[in-house]
Structure formats: C-alpha cells, structure tokens
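Respectively, the protein sequence lines represent chains A and B. If you count the first sequence from 1, you need to add 1049 to reach the working numbering. If you count the second sequence from 1, you need to add 4 to reach the working numbering.
Warning: the hint list may mix true and false statements.
Computed footprint of chain B on chain A; a stretch qualifies when at least three of its residues, placed anywhere within it, have a C-beta under 8 Å from a C-beta of chain B [as the list claims (entries may be wrong)]:
# : region
1 : 1114 to 1127
2 : 1143 to 1154
3 : 1182 to 1191
4 : 1209 to 1215
Calculated pairs, DSS-like style, for lysine-lysine (alpha carbon to alpha carbon, straight line, at most 25 Å) [claimed, not checked]:
# : chain 1 : residue 1 : chain 2 : residue 2
5 : A       : 1079      : B       : 62
6 : A       : 1098      : B       : 63
7 : B       : 9         : A       : 1055
Keep in mind the hints are simulated off the structure, nothing from the lab. Every residue gets a Cβ at the ideal spot worked out from N, C-alpha and C, and that includes glycine.
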Amino acid sequence: MIELLKQPWPWYTSGAVIAAIMVTLLFFGKSFGFSSNLRTLCTLAGAGKKTSFFDFDWKTQKWNLLFLLGSVLGGLIARTWLQSQQPLQLSAATITDLNALGIHFDGQLEPEQLFGLQSLSLQNVGLMLAGGLLIGFGSRYAGGCTSGHAISGLSNLQLPSLVAVIGFFAGGLIMTHLLFPLIF
Amino acid sequence: MKGLKFILAGIVFGIVMVKSEAVSWYRIQEMFRFQSFHMYGIIGTAVIFGMISVFLIKKLKLRDVQGVQIRLAAKDKQWVKYAVGGLIFGLGWALTGACPGPMFVNIGYGYLAMTIVVLGALAGTFVYGRVKERLPH
C-alpha cells in the first residue's frame, strides 16, 4: 500500500481527491477557498486596527487556519514517508525551453536554482517577494484563488469564477511567454 | 477536538498536492507552455467531479453535519475585479509556480525559501485591503 502511495499519483486520482476535499468541506458546513487565510493572517497580525477590510472576527475562520496547518503537515508527511525515488517526468519540450532561459531541470519538484536555500541570491528573493505580492494582491482583488474560483466556483457553475480563471491563465501566459525572457 | 477534522482534510490536501506534483514550479511552467496534459487533467477532473457532486447536493437537498441544508454562495457580479484581479494573480502564479495552498505545502515539504513568497503574499493582501476602496470593482 505504502509502496503504491509513494509512486507519483496519476492526474485523475488527484483531481478526484481534490473534488472529494471540496465536498467534504461542504459537508462540514464550510467552503473550499485557501487564499482567505492570507486575509485572516493579516488580521491576526493586527491589520484590523487600521483597515476595516481586516477588522473581522478571525475565529470564524479558525477552521481554515487549521486546514492550512494540515496542508503544511501534509507536505511534511509526503516528504518523510511518501517520497518517490524517481525524478519528475517533465515533458522534454519544457526542459528544452527552460534550458534556453538558463533554468536547468534537476528532477525535483522545485528548481534548486530558484528555491534552494544555498542559491538565495538577492535576485531570487526579489522575484519571490514580487511573485508573492502579485498572488496576494490579485487573489484578494479577484475574491479567490485556484481553489475558490477554479475548483469551488466552476463546480458551482459560477460565471464570475470562469472570468477569474480566464484571468489567471491570461496572467500566467503573459508572465511565461512575454516576461520570462526579460527576467531570466 | 472539533478542529481535528479540518487538520486531517488539510493533510490529505497537502499530500495530494505533492503526489500529483501540482506544487511543482516545473509542472506549472509545463502547463503555461501547453506541453503536457498533466495539470489540465488534474484541474479538469477536479472540476468535473466537483460539478457532479454540487449538482447532486443541490438536487437531493443534502444537509451538512449540523443538519443545515448545504447552500453554495453565488459570486457577486462585478466583472472588473475578476478580470483584473485574476490577471494579476496569474502573473504571480507563473512566476513562483505556486498558488496560496501550494506555497504552504511547499514549506512543509522542506522548501523553506517559499516563506518569502508567503511573506510577499501577505504583504499583497495587506496592500489590497488598504487600497480596496480606490480600485475599480
């Protein structure tokens, strides 16, 4: 069983499990949306004193913070007991494209070159801060991220969520195809 | 403990995100370059199973654990925020290869540098809260 779980999971099992998590949360009386946690964390840090957007009872969101804690533990468990020995099966075309940008594929989940602690250059820190800033600002502006719009919203046939998801992709395509050659 | 079930749901989420490689920067790049079906398969099956489940929940008027009928909130119809906010989110998604869930999963997995992305995301959320009233929605 453990040996089976250690293999990379095929896309359809993952999609099914993600849908099951969304449904489970609905049965718990909650809705699946991860980026709300960023707002709650700002409130916990005291942002509500100055800004009304953060002035709400964070305890109503305690369940989502526990979900966040669980997701960190899930990452840790996957690393400790369920790690696969084989390298990530990235498409050859992507490997070639990234090589052209000077980013080398090392078979891990994240490029060591960008996310390794030893390659923590000023440029990498700047890129990560900027990327995070765009994610935090954009997801709150759009009222949700991939979990809230692409999964929960589209499952509920919400047209606004479709607009948001098209926006996510348009932004991703602009970054990948127009801005990456300038950045890397 | 009442909250334990949410921690467990989070653990399953974290594991599936790693095992399906949806937390991987490489996989997100592959998706935005249309060079593999992998990520489209994950999101596609999640949405299809999600749609069927939500349809049945509504059709059968299912109740949650507290006996309250499950109702899904409709998203308000302010198009500018979805389009512009979505676009800004997408720029960050492709750059870091992470969305809000996976950035935390990555920290658990041991990529501690993701903490910087989280700090950026908190700052971005804070800035949005500060300037919200002055933005078109």
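Going back to the hint list, which numbers does this structure go against? 6
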